[in-house]
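*Asks:* Here the structure of chain X is known, so what remains is to put chain G in place on it, guided by the hints.
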Amino acid sequence: MTEVKHNGDPALPRGAAIDIAGLTKVYRTGGKTTVAVDGLTLSIKAGEFFSLLGVNGAGKTTTIKMLSGLSAPTEGDATLGGFSVCKQPLAVRQIIHVSPQNTAVALNLTVKENLELMAGLWGKNGKESRAAADRVIRQMELTKVADDRAKTLSGGWQRRLSIAMALITDPAILFLDEPTLGLDVLARRELWTVISALKGQVTVVLTTHYLEEAEALSDRLGIMVGGKLRALGTVAELCARTGTEKLEDAFVALATEKGGTL
Amino acid sequence: MDDQKNIEKSPTVAAGSSSNGRGAGGRRVLLFAGRTAREILRDPLSFVFCLGVPLVMLVAMYALFSSMAPGGLFQLDSLTPGIAVFSGTFTMLYVTLLVSRDRTTWFLTRLYTSPMRNTDFVLGYAIPGILIGLCQVVICYLTAMVAGLITGSTDWISVRILPAIFCLLPVIVAYVFIGILFGSLFSDKAAPGLSSIVISAAGFLSGAWMPMETLAAGFRAFCAALPFYAAVRGGRTVLSGAVLTVGGFWRDVLVCTAYAVGMIILACLAFRFHARREAE
Numbered sequence: 001m002t003e004v005k006h007n008g009d010p011a012l013p014r015g016a017a018i019d020i021a022g023l024t025k026v027y028r029t030g031g032k033t034t035v036a037v038d039g040l041t042l043s044i045k046a047g048e049f050f051s052l053l054g055v056n057g058a059g060k061t062t063t064i065k066m067l068s069g070l071s072a073p074t075e076g077d078a079t080l081g082g083f084s085v086c087k088q089p090l091a092v093r094q095i096i097h098v099s100p101q102n103t104a105v106a107l108n109l110t111v112k113e114n115l116e117l118m119a120g121l122w123g124k125n126g127k128e129s130r131a132a133a134d135r136v137i138r139q140m141e142l143t144k145v146a147d148d149r150a151k152t153l154s155g156g157w158q159r160r161l162s163i164a165m166a167l168i169t170d171p172a173i174l175f176l177d178e179p180t181l182g183l184d185v186l187a188r189r190e191l192w193t194v195i196s197a198l199k200g201q202v203t204v205v206l207t208t209h210y211l212e213e214a215e216a217l218s219d220r221l222g223i224m225v226g227g228k229l230r231a232l233g234t235v236a237e238l239c240a241r242t243g244t245e246k247l248e249d250a251f252v253a254l255a256t257e258k259g260g261t262l
Numbered sequence: 001m002d003d004q005k006n007i008e009k010s011p012t013v014a015a016g017s018s019s020n021g022r023g024a025g026g027r028r029v030l031l032f033a034g035r036t037a038r039e040i041l042r043d044p045l046s047f048v049f050c051l052g053v054p055l056v057m058l059v060a061m062y063a064l065f066s067s068m069a070p071g072g073l074f075q076l077d078s079l080t081p082g083i084a085v086f087s088g089t090f091t092m093l094y095v096t097l098l099v100s101r102d103r104t105t106w107f108l109t110r111l112y113t114s115p116m117r118n119t120d121f122v123l124g125y126a127i128p129g130i131l132i133g134l135c136q137v138v139i140c141y142l143t144a145m146v147a148g149l150i151t152g153s154t155d156w157i158s159v160r161i162l163p164a165i166f167c168l169l170p171v172i173v174a175y176v177f178i179g180i181l182f183g184s185l186f187s188d189k190a191a192p193g194l195s196s197i198v199i200s201a202a203g204f205l206s207g208a209w210m211p212m213e214t215l216a217a218g219f220r221a222f223c224a225a226l227p228f229y230a231a232v233r234g235g236r237t238v239l240s241g242a243v244l245t246v247g248g249f250w251r252d253v254l255v256c257t258a259y260a261v262g263m264i265i266l267a268c269l270a271f272r273f274h275a276r277r278e279a280e
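Sequences listed follow chains X and G, in order. Position 143, counted from 1, in the first sequence is what my numbering calls 143; the numbers after and before it change by one each time, with no gaps. Position 53, counted from 1, in the second sequence is what my numbering calls 53; the numbers after and before it change by one each time, with no gaps.
Pulled out of the complex, with its shape left as it was, chain G reads as follows:
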């Protein structure tokens, strides 16, 4: 038993014992989250896709089409929420790529034998993803604000920008956890393909640049049941200055929140499933 005492007194085990506490768990999450952020942000293409593409779309669509359809889809107060919702899907893509690559390269296999728990991993992927997604939304709105100031076409953003950003938070959360879900279940070859389906869906079914009123009622109801259109419509409602009704704005927020909660649950289950499968 003397040997056992030596082991228990050893620095490694002593450090490990304390690292099982809640504070150490939080520190592990922050460390892993920092690593996730650096992995995503150090890829130059992430800036191209997460910022470059949405901002070019926002400015180009506004410049090209707003005068052709005054008061319509391509005015900044309609276009900006749509582009912001669309841009979040690229963060999902990068989270998907990172999780699936961590599996393929066995980085997760190495960490499964560490003191980290499944929730530490999931939070370590999700927190930077959500923050990056929120930054995208903020930058989209700031760009729109500048464009609006230059053209003198808007007066809304400075007043309503915070609630407009807040109402997109659930859909950003949903995207990030979809990324964790796909990355946990599918290979680094298949997962990006599935993400591109969600990206396309967010583009076409969100009404970002397509008038939903012209669609058949049934299809419109289908779109309203998805988080994309609900999020865009919610953002537009805030920016329009309309009264935020339970049956309108808050229902849209509820739809997006329901998807976010569902995706959190599914992503956690998928990650746990992968960890167990890896163990066996």
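Excised from the complex, chain X in its bound form:
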């Protein structure tokens, strides 16, 4: 077992590892069978920043749902921090946080109240929750809006709050599902700075349609096509494999490759 959850020892890598073995999700509706994720096998190291790319319907969100214990795999299994999503889904939920596509904040609560709520729901007592909220507010530079209600924040600030709500639960693994969707370029760049500061602090699995975002932030990338992992590697490796210079060209080449395999 290679995964290690940080325990304050700076010598240890932070975050937790993810080992996925033959993860498969099949939907059967009205006699129709759809394979959303097909035999996904993949390892993500503790503290790694990993991006999962793919066109709509490629299976990214289904993969995250299975890894977060929301949806049971049809076949296969995955361990997160050593806990099986099939056999120990509640233990998995204790060490992860999913920051969904939408901002997913409590709109009539202030920034600080949102953070304290999350900390409390994940098991911290009142004093710990307040201390954690203060820490995350400083870490995410939310001080000037700490007492503002979430509904009064701009899209960029709400996204920042959304990520802060994930971090306050001290996850070993953080799933960011299209965190900059719908933001203007400046807000997106600001959020990149925030997200890139997480590198090495926590294992991050990012899904995004913005390839420049994945390129700027990721240690490694996986490209899913039709529920299967088509390619895996660093940006340089994927470009070298396709003979392209930019990730976008590499992505297009890999996503449209006929019968391509990993």
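It is possible that part of the hints are untrue.
[What the hints assert, rightly or not] Chain X regions said to be covered by chain G (calculated; three or more residues, Cβ under 8 Å):
no.	segment
1	87-97
2	106-117
[To be verified] From the structure, some residues in chain G lie toward chain X, with a derived Cβ separation under 10 Å:
no.	residue
3	G34
4	R38
5	I40
6	L41
7	F49
8	R101
9	T119
10	D120
11	C135
Since the hints were derived computationally from the structure, they do not count as laboratory data. Since this is a predicted model, take the numbers as computed values, not measurements. Glycine residues also receive a C-beta, built at the ideal position from the N, C-alpha and C atoms.
*Replies:* Structure of chain G alone, referenced to chain X:
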């Protein structure tokens, strides 16, 4: 396996382990309930609809119509239970709006990956809703008591106010769980529309300001089988000081309780259905 030990000893997992206990579950419910209450009460319009509209209706109807129909529908002992039952539907509307908005904004999606269980969510929505609904009823009765004292027209409220409030509890519970039911099943566009149907039904079929005796027997029986009229009639029976008979008052309470239990079951099933659908 050493790594596994590190994980099990980590603060996050340790806290999480304890948070699976009953005490932690209760704490999660209270936290979520506090959030529900703040979400509803921080919307200024909730005060307008949940308190302003019913109280204005109570005072205006009493002031305008009570002298025109002495001893009738618009005397405080008839009007107050009707307005109280009607006012509870606005709490239902706000619960509906909150649950459906939590789904639309993916707030629930985020929390589905938390240690919270479905019952924690449902209780976290229901408890503040029921308390807000009860506050509405109490404020309606207090307003009526003040109006009655000023006009010298009533002597009942100070004596019978508690049982009168108690007999409306089942219908308040039913409203709140209807809100959770609608919010779980329908979008934030459709759910308020459905709630408005219940609000209209509570206004027209409860006999709050319409003499049910003038209606056809069949339609009256239909209304009596619904919780609105049963609740209003139960409240009026208490305030009148009449004997609380099994075939009268307690049957009305039973009708409302049956609806409350039915709505609790349906709302829990609907919420569970939504959670599963969301997962898939």
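*Asks:* If you look at each residue in the segment 106-117 of chain X, do at least three have a Cβ nearer than 8 Å to any Cβ of chain G?
*Replies:* holds (count 6)
*Asks:* Classify the hint on G/T119 as holds or violated, based on whether any CB of chain X lies nearer than 10 Å to its CB.
*Replies:* 14 Å, violated
*Asks:* Under 10 Å is the threshold here; is the Cβ of G/R38 close enough to any Cβ of chain X for the hint to stand?
*Replies:* With a closest approach of 6 Å, the G/R38 hint holds.
*Asks:* Report holds or violated for the interface hint on G/F49, using the least CB-CB distance to chain X and a cut-off of 10 Å.
*Replies:* 16 Å, violated
*Asks:* Answer holds if the nearest beta-carbon of chain X is closer than 10 Å to that of G/L41; otherwise answer violated.
*Replies:* 9 Å, holds
*Asks:* If you take the shortest Cβ to Cβ gap from G/R101 to chain X, is it below 10 Å?
*Replies:* Since the shortest Cβ distance to chain X is 8 Å, the answer is holds.
*Asks:* Mind checking the CB of G/C135 against every CB in chain X and telling me if the closest is under 10 Å?
*Replies:* 18 Å, violated
*Asks:* Does the interface hint hold: is G/D120 within less than 10 Å of chain X, judged Cβ to Cβ?
*Replies:* Result: holds, 9 Å to nearest chain X Cβ.
*Asks:* Restraint: G/I40 near chain X, CB-CB cut 10 Å. Satisfied or not?
*Replies:* Result: holds, 8 Å to nearest chain X Cβ.
*Asks:* Taking a Cβ-Cβ distance under 8 Å as contact, does the segment 87-97 of chain X have three or more residues in contact with chain G?
*Replies:* Per the Cβ count (7), the hint holds.
*Asks:* Can we keep the G/G34 interface hint, with Cβ of chain X closer than 10 Å?
*Replies:* 8 Å, holds
When the structure is compared with the earlier hints, violations turn up for hints 7, 9, 11 and for no others.
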